[in-house]
Amino acid sequence: MEITFAVLLWGVRIAFLVLLYLFLIRVFGSLQRALATENAVAARPTGLAHLVVQRTVRGAPRLGDRLPLRAVNALGRDAGNDIVINDEAASARHALVEFADGEWWVEDAGSTNGTVVNGEIVRSRERLQYGDELAIGRVALRLEQ
Amino acid sequence: MRAEAGVPLGRARFTELSLLVWVAAFAVTGFVAVLATETSSFSPTAAIVPAVFLTLMLALHVFLVGIRFRGDQILMPIAAGLTAIGLILVQRLASDLLLQQLSWSIIAAGAFAATILVPRDLTALARFKWTWALLGVLLLIAPLLPLIGREVNGARIWIKVGPGSIEPWEAVKILLVIFFAAYLEEYREVLSHTQRRIGPFPVPPVPYLVPIVAMWGIAMVVMVFEKDMGATVLFFGIFLAMLFLATGEAFYAILGLTLLILGGFAAYHLFGHVQTRVDTWIRPFDEDLRFDAGFQLVQGLFALANGGLLGAGLGNGMPDRIPVVWSDFVFDAFAEEAGLAGALALLALYLVFLYRGMLIALRAPTPFLQLLAAGLSFIVALQTLVIVGGNLRLIPLTGITLPFVAYGGSSLVTNWMLVGLLLRVSQVSERMRGGGAP
Chain R
96 MEITFAVLLW
106 GVRIAFLVLL
116 YLFLIRVFGS
126 LQRALATENA
136 VAARPTGLAH
146 LVVQRTVRGA
156 PRLGDRLPLR
166 AVNALGRDAG
176 NDIVINDEAA
186 SARHALVEFA
196 DGEWWVEDAG
206 STNGTVVNGE
216 IVRSRERLQY
226 GDELAIGRVA
236 LRLEQ
Chain Z
3 MRAEAGVPLG
13 RARFTELSLL
23 VWVAAFAVTG
33 FVAVLATETS
43 SFSPTAAIVP
53 AVFLTLMLAL
63 HVFLVGIRFR
73 GDQILMPIAA
83 GLTAIGLILV
93 QRLASDLLLQ
103 QLSWSIIAAG
113 AFAATILVPR
123 DLTALARFKW
133 TWALLGVLLL
143 IAPLLPLIGR
153 EVNGARIWIK
163 VGPGSIEPWE
173 AVKILLVIFF
183 AAYLEEYREV
193 LSHTQRRIGP
203 FPVPPVPYLV
213 PIVAMWGIAM
223 VVMVFEKDMG
233 ATVLFFGIFL
243 AMLFLATGEA
253 FYAILGLTLL
263 ILGGFAAYHL
273 FGHVQTRVDT
283 WIRPFDEDLR
293 FDAGFQLVQG
303 LFALANGGLL
313 GAGLGNGMPD
323 RIPVVWSDFV
333 FDAFAEEAGL
343 AGALALLALY
353 LVFLYRGMLI
363 ALRAPTPFLQ
373 LLAAGLSFIV
383 ALQTLVIVGG
393 NLRLIPLTGI
403 TLPFVAYGGS
413 SLVTNWMLVG
423 LLLRVSQVSE
433 RMRGGGAP
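Going line by line, the protein sequences match chains R and Z. Taking the working numbering, the leading residue of the first sequence gets 96, the next gets one more, and so forth. Taking the working numbering, the leading residue of the second sequence gets 3, the next gets one more, and so forth.
Isolated chain Z (complex conformation) (with noise of 0.2 Å):
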């Protein structure tokens, strides 16, 4: 059964080393594409990339197989396919930041090797709940004080560090989900096992129901100041989401929404900038608007159009007609470049990861666990919904990185973190049910 089947027994991490190669191929295939397009503006640094980022990425295998790490081997091939792909259209689409990119992932790379070593004890990561989240809401909130805060492109959710700056909210996402888990677990049988009722809704005692609150001041609070609806979006989506696989109580989800939805229509009619993103969703091509604040989404549309099925071929297309289109429009460059087919493909690697994930949640062996795997996919799952969603004009677009590809250090980081932390969670789950097993 071993040689057959050869995934999570034995030491050796074939499927992981068989996977990584087709990510060489089509990594460095994709690079020959760009870069032969680009024959003018070739420099010799650019064919540098894919080497050291293969190396690196081989290196990590390396690691996991040196420290006999056992648990998923799918995930990290995954995340390595999709941050060459980021890396490719780093390089079609802003070649100057391509270095800056490169060197990120160095980083990256070194975070998810951390993350694998690191936290001895998982489960650990639960006692420190209030910790994870009281250090959350203070990264949420410091692109709000004076001194560090800063605003890009009309969101004020950076800070600075030194010469450069960062994006709070990306690391936040994990310490959110980190606290989330542990309170779900300590507190899910109150939530969940209540005898008031009042129709089909259960009502538990008060005091239960001032965290549900509390975020969602927290996540108003963030869309108003920070003008950041993605995060708004993401952070309490995560929350509810959450909230529902520990407590199995539709009640809490659908009050959540509503409460969101309140926000956002009352948002709405308060705030210029919530305005001008619903209107330029709604209706871009306006003659106010095509030319103004729906500028960038209807370049994007034409984009994919240009686009079709197989694409205009990688290097081949026009993107750089959408302003800023390395960070937000990232979809819409690979969808022009490499088609409906393309962009389908690039989708479908989210849904093996978000699959994996639930898989891994499903399978682990604590509620705390269980709710950690859960809360760590679902966050690359709704975000790739939204900034796709946004980019594609099916909701209105707000300004979230699409994970492992979008251009952005913090972003890639906390990513790779996370796959790191998804990991651990498998090799715990390996370690329980795999126990008679070599």
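With the rest of the complex left out, here is chain R (with noise of 0.2 Å):
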């Protein structure tokens, strides 16, 4: 009997080991899904719509440029945003312009020189319009599908 509940005991104090790692495990198969999946939303094909740039200067976006938007999309200065603003006047990170509820969106990223939808600067979320221009900095960008 004293053999049994000793033996049994350390079963339990394996075991304890064991589901820890099995927990590990899980918690690490949950991570690489969660990744892959946000990947997959990230690659989705879009072509949702495209910005057409209005105005520029020193050619960056270039004048007439058709830039596709994903769901998300990071407009400023930095070469990591989704779409680069080569100006000056624009902040590393300026502006989001999203598609949310059926809707585009511009949400100003607490930028230096404000984001500005046709001439009326951004307080905080807006909505888009197709046909609505978009400045950023002296580059002016139009929403089209």
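Note that these hints are calculated values from the structure, not bench results. Using N, Cα and C, we set each Cβ at its ideal position, and we do this for glycine too. Honestly, I wouldn't trust all of these hints.
Stretch by stretch, here's where chain Z covers chain R in the computed footprint (C-beta under 8 Å, at least three residues) [stated by the list, open to error]:
#1 104-117
#2 121-134
#3 221-228
Computed spacing ranges between beta-carbons, pair by pair [stated by the list, open to error]:
#4 R/Y225 x Z/I263: 36 to 44 Å
#5 Z/G250 x R/A131: 48 to 56 Å
#6 Z/H271 x R/V102: 56 to 64 Å
#7 Z/F273 x R/S219: 44 to 52 Å
#8 R/A174 x Z/D290: 39 to 47 Å
#9 Z/I263 x R/R222: 52 to 60 Å
#10 R/S219 x Z/Y189: 18 to 26 Å
#11 R/S219 x Z/A49: 46 to 54 Å
#12 Z/F304 x R/S219: 46 to 54 Å
#13 Z/L147 x R/R222: 51 to 59 Å
#14 Z/D288 x R/A131: 53 to 61 Å
#15 Z/I50 x R/P163: 52 to 60 Å
Dock the two chains into a complex; use the hints.
As structure tokens, this is what we get:
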């Protein structure tokens, strides 16, 4: 009786370690799946709409370019943005253009000189209609389908 | 795609739930192992603890599903798993404190839920940055004030509140990360796009160097007057890491580390308590330290050696030979009873926590949220590094808590709030990027 209890106890102790590792493996698995899903969402072909360059400086972006939009787009001077605005008047991370609830939205990402839609400065988050003109620094972009 | 991937889509949080099931499995097994070993001191209340804790975690899950929370599903189960290990170790090492720790975990769960619900707009936190800074510095120096300050085990880091006492530093961590994130978001352009350079180093206008020097000054005050080296390293480390993340200038990090080393060197020569810490780190086995200042560390090292690969088995080791094992040396206790295998699993959990936190930071839409998420995850990582490094005698020992695991209420509550904030940041990114997805 004594021996069986001791053996059982060792079984429980080893089981703790095994279960701890199974939990860890499940955590890694979930992490991997979460990443795969997020990447799938990010890489989903969009062609949802385009920003057409109306006015520009130093040819970056080039006049008349049709820049394809994803579901979420970062705009700014920094090279890491989805749409790079090469103008000193633009902040490193200037604005966000995103598609949510079936609509396009623009949000200022705390830029120094502000984001302007149809001549009016964007306070927080505003709806964008097709044909609206978005100005960041000295660059102007029009939302088109 | 939804069925196979199943992670961030839809309203149910299956990933979280399935991970919590595994937490439940190893938590119950761990409790059984500890209780079965200590049959002599068995009390029925001990059996209630895992049940209450698991119900609590399930309640948090149901709460998140109920408010249709969309955001990370991995951090909460990791925090739950670590808290469960913490409760098992309190049961093992200081069972008279168990109910207290369980109550603290209930409060922590409440604080987590409040963090999820209350700040309606996370970005608005940035607007009150000077309030957070002032509050943080006040809390930081509060233990030095004569009436409310308290010195425990040589460190003056406690304040009296009613019958108990709390460690304000724990709350200060989060306040300061919010402040740093907001401050750096505002000034990082100036700090990183400096024209004046001496050699490879940028030289920003003097006013922008003031905060760095001020932070260093405060850190030194904490080290000298509160005798808390762990807090100093954490406080200054978080600041430097966030400064580097925001500006990408190695110069600031080098400047800060140089200042820290100079300060540490001066403190070593000026203050006895710093000297003792360093001496016990370098030569704990020496005659004069072995049974004196170095006793705790040496007993910890023996515990590690006793553990071996698979450990002595939960409940079967002798970690109680380490003084105050439940607060400063839980890592050694766990490593003794669960072995190298268990200790590595524990460290891996912290690693995943950091990795996930950094991913949340990368995906956050604004610099403030990015810095916030990175700073919060970095707290947990640096804290783990400092205390585990101290326990393993890789660096001088400092009295920092092992996040979620070590006994202590203030620490548990603030760490759960930290998880809540990380989840909120992930929710913002999820809302923005997942716009088109269901």
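Here is how each hint holds up against the structure:
1. Counting residues of the segment 104-117 of chain R whose CB falls under 8 Å from any CB of chain Z gives 12; the rule of at least 3 is met.
2. Note: the segment 121-134 of chain R has 11 residues with beta-carbon separation from chain Z under 8 Å; the three-residue rule is met and the coverage holds.
3. Judged by the Cβ-Cβ criterion of 8 Å, the segment 221-228 of chain R is not covered by chain Z as claimed, because only 0 of its residues qualify and three are needed.
4. Checked against the hint of 36 to 44 Å, the pair R/Y225 and Z/I263 fails, with Cβ atoms roughly 59 Å apart.
5. Evaluation of the 48 to 56 Å hint for Z/G250 and R/A131 yields a failure: the beta carbon distance comes to about 29 Å.
6. In this structure the supplied range 56 to 64 Å holds for Z/H271 paired with R/V102, their Cβ-Cβ distance being about 58 Å.
7. At about 51 Å, the CB distance of Z/F273 to R/S219 agrees with the hint of 44 to 52 Å.
8. Checked against the hint of 39 to 47 Å, the pair R/A174 and Z/D290 fails, with Cβ atoms roughly 59 Å apart.
9. Separation of Z/I263 from R/R222 is about 54 Å and conforms to the stated range, judged on CB atoms against 52 to 60 Å.
10. For the hinted restraint 18 to 26 Å between R/S219 and Z/Y189, the CB-CB distance of approximately 22 Å keeps it satisfied.
11. For the hinted restraint 46 to 54 Å between R/S219 and Z/A49, the CB-CB distance of approximately 53 Å keeps it satisfied.
12. Our hint of 46 to 54 Å for Z/F304 and R/S219 is violated, since their Cβ atoms are close to 60 Å apart.
13. The supplied range of 51 to 59 Å is met by Z/L147 and R/R222, whose beta-carbon atoms lie about 52 Å from each other.
14. Between Z/D288 and R/A131 the Cβ separation comes to about 54 Å, which falls inside the hinted range of 53 to 61 Å.
15. Our hint of 52 to 60 Å for Z/I50 and R/P163 holds, since their Cβ atoms are close to 59 Å apart.
Going down the numbered hints, you'll see the structure goes against 3, 4, 5, 8 and 12, while the others check out.
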